[in-house]
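> Residue-level listing of the chains:
There are 2 protein chains.
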Amino acid sequence: MKRRDFLKASALATASAAFPLGLRKAAAQSDQTYFMVTFVSGIDYWKDCFRGMQDAAEFLGVNVEYTGTPENDITAEVRVFDEVASQNPAGILVTVINPDAFIEPINNAIGAGIPVVCFDADSPMSQRYSFVGTGNYYAGVVAARYLGPLVGEGKVGISSVTAQLNHVQRRQGFIDTLAAEFPSVTTSDDLIIDDQNNSTTAAEKMSALLIAEPDIKGIFATDALGAVGVGQAVREAGLSGQVPIIGFDYDEGTLDLIDSGELSATLAQGTWQMGFWGMMMIYAVRNGLIKSVSDWQAAGISPLPPNVDTGVVVITADNSQYWRAS
Amino acid sequence: MKRRDFLKASALATASAAFPLGLRKAAAQSDQTYFMVTFVSGIDYWKDCFRGMQDAAEFLGVNVEYTGTPENDITAEVRVFDEVASQNPAGILVTVINPDAFIEPINNAIGAGIPVVCFDADSPMSQRYSFVGTGNYYAGVVAARYLGPLVGEGKVGISSVTAQLNHVQRRQGFIDTLAAEFPSVTTSDDLIIDDQNNSTTAAEKMSALLIAEPDIKGIFATDALGAVGVGQAVREAGLSGQVPIIGFDYDEGTLDLIDSGELSATLAQGTWQMGFWGMMMIYAVRNGLIKSVSDWQAAGISPLPPNVDTGVVVITADNSQYWRAS
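Listed in order, the protein sequences are those of chains V and P. Counting from 1, position 236 in the first sequence corresponds to residue 236 in our numbering; the numbering is continuous, with no gaps. Counting from 1, position 38 in the second sequence corresponds to residue 38 in our numbering; the numbering is continuous, with no gaps.
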């Protein structure tokens, strides 16, 4: 397969030409094409990221293409990235399947003058100009500020992937914020279960914990499948509606559980924001808008903010309809 | 003084109409005026922030005005902010002298439909849509990645304002990163001095520390005046050039010390970036570019990323000329 055909075949969509807001385009730079590169490229999560990139591209008057590898495969995603970079695109947004495997590919692209920004999953030791994604510590802060007032006083449990860094950070933000802002709401190591991102494991372990610790007044599940299992355990213990549960991420099934009251809330990541602000940033570099140190290449510095926390928002039964697929 | 005159009198500058890059303006929305509000409004630090806001405004085709209170006075800054908000501007970037004093003024402005983003100093418990400023923990990471390889092996000292939160965070990022990435470079509580953001105090305490701990191989000063005092102490100990020092912030004097070798480096905050990206964000809200959840007001969520870390860059003798006033 020729390179051009390969890119075309893997492109899911391109930005539409119409600009719906009655605003004029920033520039008629329709010769500029920016790429988004992903792994497991078929999932809805990335489509929402790409929608943000498309919206920014419409405003800026440039073209965008979505590509990636359908597999969960390091070598395959590196190959797609290298193919895209070899086309000398105007810029690349990439979410990396593995941080270290992407250091050299990203540095090569940067060295060739292509602005590269990571979104959702970072390669922090590469020379990428920025990372745009969820600040996991702050996501835990948001969870505590939701659950703390609901619980008021008492113990709370946590269902999590205990060893994985993003989950460690979510727990830490949650625990620190409870201690600082809701000191009557407490947790401890023996109230944390390792759900291994598996709903069956979460249900089994949380059922056991609710027997051992019947005083639990609320639960934070740091992963989507954990939340589903925790909801099941609480329902089976006859505690639905009495033990509020806040989860992480969402799909139609999670939204159903929220509307039925089995889950109180979940945290939606800022996927659209990742694509939108990532696109604004690579455009700003490509088109010379960054003038902080206008000769930033000679000065040896990165031209962009190193980290944009796109945040999480709390989905409850009050606003769940806004996240339903339309 | 009438309200309009007050605003005019305190405005230092407005965006120039010319657009220098040969790009067309995003929209002829010259009726939109955005404000920057500061305290101690005369300092160069804010001028660089406003330059970023002006550059974004030029690209977007809107007007900006700089205002603030010359004093370091909470009531005075709140009054200026309320005056600006009462004009119903297109949006406000504000750096707050006190987080709690600004909760109500900011929430009132948000309630009146005015997009508000905090820059440099945040009011985190207000409803501001975002904070754009230095991530202090990450700034400490950058300091460790600079100093770690220079020291290679041995003890390092820290000069800091020990109780102030942003300095605590800078130290923690530095200490965690040394432990994780440069385990042969160590520090400890008895190698930290409290310089109280005063160069004389820093010089005296660091002189004493260098006598008590002659094995110190490098120093991180988390504030600008601390760095100046540490440089003096190291010079007086006859160790210039042997004990690398990395400071924080800069002025012409700091740049002179870097060029003479008394300081190895300092960290420049992303002031221009704060104004540029802050302006892009309030514009995006005002003009309906944020479509993640298009009806975000009904959904009860913030439309912007909650936190943009504008980063720090390492200034050394190799690139110091780019930070000199031109």
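Watch out, some of these pointers could steer you wrong.
Which copy is meant is left open, so a pair is good if it fits within one copy or across any two.
What the hints assert, rightly or not - Derived EDC-like pairs: lysine to aspartate or glutamate, alpha-carbon spacing no greater than 20 Å straight-line:
{"hint": "1", "residue 1": "Lys291", "residue 2": "Asp249"}
{"hint": "2", "residue 1": "Lys47", "residue 2": "Asp100"}
{"hint": "3", "residue 1": "Lys291", "residue 2": "Glu153"}
{"hint": "4", "residue 1": "Lys291", "residue 2": "Glu83"}
{"hint": "5", "residue 1": "Lys155", "residue 2": "Asp251"}
{"hint": "6", "residue 1": "Lys217", "residue 2": "Asp73"}
{"hint": "7", "residue 1": "Lys291", "residue 2": "Asp176"}
{"hint": "8", "residue 1": "Lys291", "residue 2": "Asp256"}
{"hint": "9", "residue 1": "Lys47", "residue 2": "Glu181"}
{"hint": "10", "residue 1": "Lys155", "residue 2": "Asp295"}
{"hint": "11", "residue 1": "Lys47", "residue 2": "Glu104"}
{"hint": "12", "residue 1": "Lys291", "residue 2": "Asp48"}
{"hint": "13", "residue 1": "Lys47", "residue 2": "Glu204"}
{"hint": "14", "residue 1": "Lys47", "residue 2": "Asp215"}
{"hint": "15", "residue 1": "Lys217", "residue 2": "Glu252"}
{"hint": "16", "residue 1": "Lys291", "residue 2": "Asp215"}
{"hint": "17", "residue 1": "Lys291", "residue 2": "Asp189"}
{"hint": "18", "residue 1": "Lys155", "residue 2": "Asp82"}
{"hint": "19", "residue 1": "Lys291", "residue 2": "Asp194"}
Source of the hints: derived by calculation from the structure; they are not laboratory data.
> Confirm or reject each hint.
Hint by hint, here is what the structure shows:
1. Lys291 <-> Asp249: between (37 Å within a copy, 19 Å between copies)
2. Lys47 <-> Asp100: neither (25 Å within a copy, 39 Å between copies)
3. Lys291 <-> Glu153: Neither. Shortest intra-copy (51 Å) and inter-copy (38 Å) distances fail the 20 Å Cα cut-off.
4. Lys291 <-> Glu83: Neither, since 31 Å and 31 Å both go past 20 Å.
5. Lys155 <-> Asp251: Neither, since 28 Å and 51 Å both go past 20 Å.
6. Lys217 <-> Asp73: neither (41 Å within a copy, 44 Å between copies)
7. Lys291 <-> Asp176: neither (38 Å within a copy, 32 Å between copies)
8. Lys291 <-> Asp256: Neither, since 48 Å and 23 Å both go past 20 Å.
9. Lys47 <-> Glu181: Answer is neither; intra-copy 36 Å and inter-copy 36 Å both fail.
10. Lys155 <-> Asp295: This pair counts as neither: shortest intra-copy Cα distance 55 Å, inter-copy 36 Å.
11. Lys47 <-> Glu104: neither (26 Å within a copy, 38 Å between copies)
12. Lys291 <-> Asp48: between (31 Å within a copy, 11 Å between copies)
13. Lys47 <-> Glu204: Cα proximity of Lys47 and Glu204: none, with 33 Å in one copy and 59 Å across.
14. Lys47 <-> Asp215: neither (42 Å within a copy, 55 Å between copies)
15. Lys217 <-> Glu252: Neither: 26 Å inside a copy, 57 Å across copies.
16. Lys291 <-> Asp215: neither (57 Å within a copy, 42 Å between copies)
17. Lys291 <-> Asp189: neither (49 Å within a copy, 40 Å between copies)
18. Lys155 <-> Asp82: Answer is neither; intra-copy 50 Å and inter-copy 42 Å both fail.
19. Lys291 <-> Asp194: neither (47 Å within a copy, 36 Å between copies)
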